[in-house]
Every structure is written in C-alpha cells, then in structure tokens.
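Chemist: The primary structure of each chain is shown beneath.
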Amino acid sequence: MGRLTAAATELPVPKPSAVAAAVAPLAAIPVLQEPGVPFIEIEALRAKEFIPAAKEALSSMIAEQGQSKLIRPMFNWASRNSLFPLHWGLACCAIEFAAAFGARWDAERFGVVPRSSPRQCDLLIVNGTVTWKVAHKLITLYEQMPEPKWVIAMGNCATGGGPFRTAYSVVPGVDKLVPVDVYIAGCPPRPEALLDGILRLEQLIRERKE
Amino acid sequence: MQPEDLSRLLAPKLGDRLRGVEPFVGTAGRVLFDRAGALDLFRAVHDELGFTHLSMVGGIDWVDHREVFYVVWSDAARQYAILSTDVPADDPRVESASPVWPSANWHERETWEMVDVTFDHHPDIRHLLMPDGYTFHPLLRSFKLHEPEELEVKTRHV
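Residue numbers (the numbering used here), protein chains in the order written: chain A, 5 to 214; chain B, -2 to 155.
Since the hints were made in silico from the structure, they are not lab data. Any given hint could turn out to be false.
What the hints assert, rightly or not - As a list, the in silico DSSO-like pairs of lysine-lysine whose alpha-carbon atoms are at most 27 angstroms apart:
no., chain 1, residue 1, chain 2, residue 2
1, A, K180, A, K213
2, A, K137, B, K141
3, A, K153, A, K213
4, A, K73, A, K153
5, A, K59, A, K73
6, A, K180, B, K141
Okay, chain A solo, but in the shape it has when bound:
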C-alpha cells in the first residue's frame, strides 16, 4: 500500500477527469468480475486521496465477503513465510538444524530465521533427546511463545524417544509435553528433511481456517 502511494505521488498530475473518476463514490470504482478474487483497480491517486479510498474499498469488500475469507489468507500467507524457530539445540539433531541455516541449504530463503528469544518465535523445533530434567523447561519455552505457534519434532528422539525410549531419564516422545504439528524421522534427519518438514508445516498453515 505504501509503495502504491509513493508511486502515485510521483506521477504527473492526472487530468481532472481522471481524478474525478478515481475519487468518485466507491460504487463507481470498477471491480473485476472474477468471483472470489478481491481486486481494486485504483488509478493515479494522491496520497491523501488514496488512503480513504482504499479503506473504504477494503471495508466494503469485508462487508461483502466476510472478514475471515479476506483476512485469514493474508495472515496465513504472512505466517507461513516468516516462521521464526527458536534457536534452541538439545542434541546432535541441532547440528543438522544449524547446517540447515548455513550457506549450503540456507533455510532463510523460506523466511525461516532462528531467533534467540521465545517471545519472538512462532515455531519450536525440538531437535534432540528430551530428558525429564529438561521437560519442564521445554514446556516453559513453549508457553512463552506468542500465539499462533507450531512445534516440529525433529528426529527419532523427539518423535518417540528413539533408542532411549525405555531409559529412566528420557521423555518417550515430545508429544507427551506439547502438541506437535510435524514429525520428522531420521537419526538425525538430514537438513533436506528438516526443510521438507518446514515446507509441510507451511502447507498446514496455508490450510489453516481458524
């Protein structure tokens, strides 16, 4: 929206008739007749004219099509393209986790940027063996993350305890503690597998309704 506005101000002054058509009441703004595709055709507008016109167009579209139909896809689009995982390594899967963000696999091209504070994260990648000693810290970190949030169980240990499933100190699967959206198998999974899991999570987010 900002770019549109800036471009509009730099345009040469339109003819008076064009300005009159653009600031005409909303019913006069031509809307493409493709069903279900919200689109406003806005010609050259000055900034002070554009913002109220866009507001009015958006509100009328929301009134016509329902809020969730318009807003939800936008939120899902923003969420899935800016997944911020928590920078939290537990065991050897963390090495693959780190490699996935290195130069070779470069998960950042999917908008996945590890952050160091759970307050800035919406994705918890549990990469390693979770012991009972660290279980309540994991729950604390999960609860510190703002909604909406997702969890990926990376590797066999986080998925089901792995080779330590019957050990006295290991949580047999991190889904005993927090809800898990995507499980990635492997011991450890290669970075490609982690990227595949992230892309599948993005697919889940794309289909999110609620």
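Chain B: place on chain A using the hints.
Modeler: Frame of chain A; chain B shown alone:
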C-alpha cells in the same frame, strides 16, 4: 607412594577402622575403611597425605551391600588413590566428604540419586540429574526399566 606407605601412614589415625590397603593398578592403592572412620580418614588423606583433589565419588550396588568409593589425586605425589567403604543395603549411610573436599557436593548428590546412598551432613542434598520428585534410584539392581507410559504417569507434574 605404595600401598604399604598408605597403610603405615593411616593406621595410627584410624586404628581398626582401617580394614586394609590393597594394590590397585594405576594408583597408590585402594584403601578399604569402615564407614565409622570416614571423616577421620578424609581429613588424614587430605591434610597429611596431600591428596587435595577429589576426582570422583561413585557407588556400586552389590545387591547384598553397597560400595561407595572416592578417587583422590595428589599433586605432590602425582598419584591417584582410591578410598572405598562398604555400607549395608538396609542402612546405606556414610558421612559426607563435602567438608573436606567441597567438590564432593555434586558427586554425592549423583551417587545418592543413582544408588540411594545417604550422605550425612551433606550441605545440599537435592536431585542432580533427575527432576525433583523423581522417586526411583535407577542404578540399583532392583530397578526395572519401565514402560514409557508407566514412567510418564509417575513423573509428570512433579
């Protein structure tokens, strides 16, 4: 330093609470002592024999009794020594070495939670490797590996 030296130096301090000193590969010797003389032995070994560094404390469950051992190191002699005592399984209790070697603190916490040996006068006896409220002692021979669900029920929300 040889086992005979250890025996000669420690016998006047401990009397019959010194059960014997036997050779042990790579060390100055393995001192077997009665747990009643634990603190006297620790002080003698630390102050007079010069074993100023406690390398580790461990416990073994021999089913009919339990063994607690201390591995100490002397900078002057450049040698290890092992101090070992047996405690009965129905009263596993020994004096803490923390007043003599402060590094015994965490080792004794681990020994307590793994093989259930109580250390008297320990300054801070808490779980070290397991969460608070964990009721098992996993390195005891009587400990059975649990089904994960059973363990979960017993240790959740502690």
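Chemist: Is the straight-line distance between the alpha-carbon of A:K59 and that of A:K73 27 angstroms or less?
Modeler: The hint holds at about 17 angstroms.
Chemist: Does the structure keep A:K180 and A:K213 at a Cα separation of 27 angstroms or less?
Modeler: It holds: about 25 angstroms lies between the C-alpha atoms, which stays within 27 angstroms.
Chemist: Is it true that the CA of A:K180 sits at most 27 angstroms from the CA of B:K141?
Modeler: Satisfied, since the Cα-Cα distance of roughly 22 angstroms is no more than 27 angstroms.
Chemist: Given the hinted pair A:K73 and A:K153, is their alpha-carbon gap at most 27 angstroms?
Modeler: holds, 21 angstroms
Chemist: Taken at face value, is the distance from the CA of A:K213 to the CA of A:K153 at most 27 angstroms?
Modeler: holds, 15 angstroms
Chemist: Take a quick look at whether A:K137 and B:K141 sit within 27 angstroms of each other, Cα to Cα.
Modeler: This hinted pair holds, its Cα atoms lying about 20 angstroms apart.
Checked against the numbered hints given earlier, the structure satisfies every one of them.
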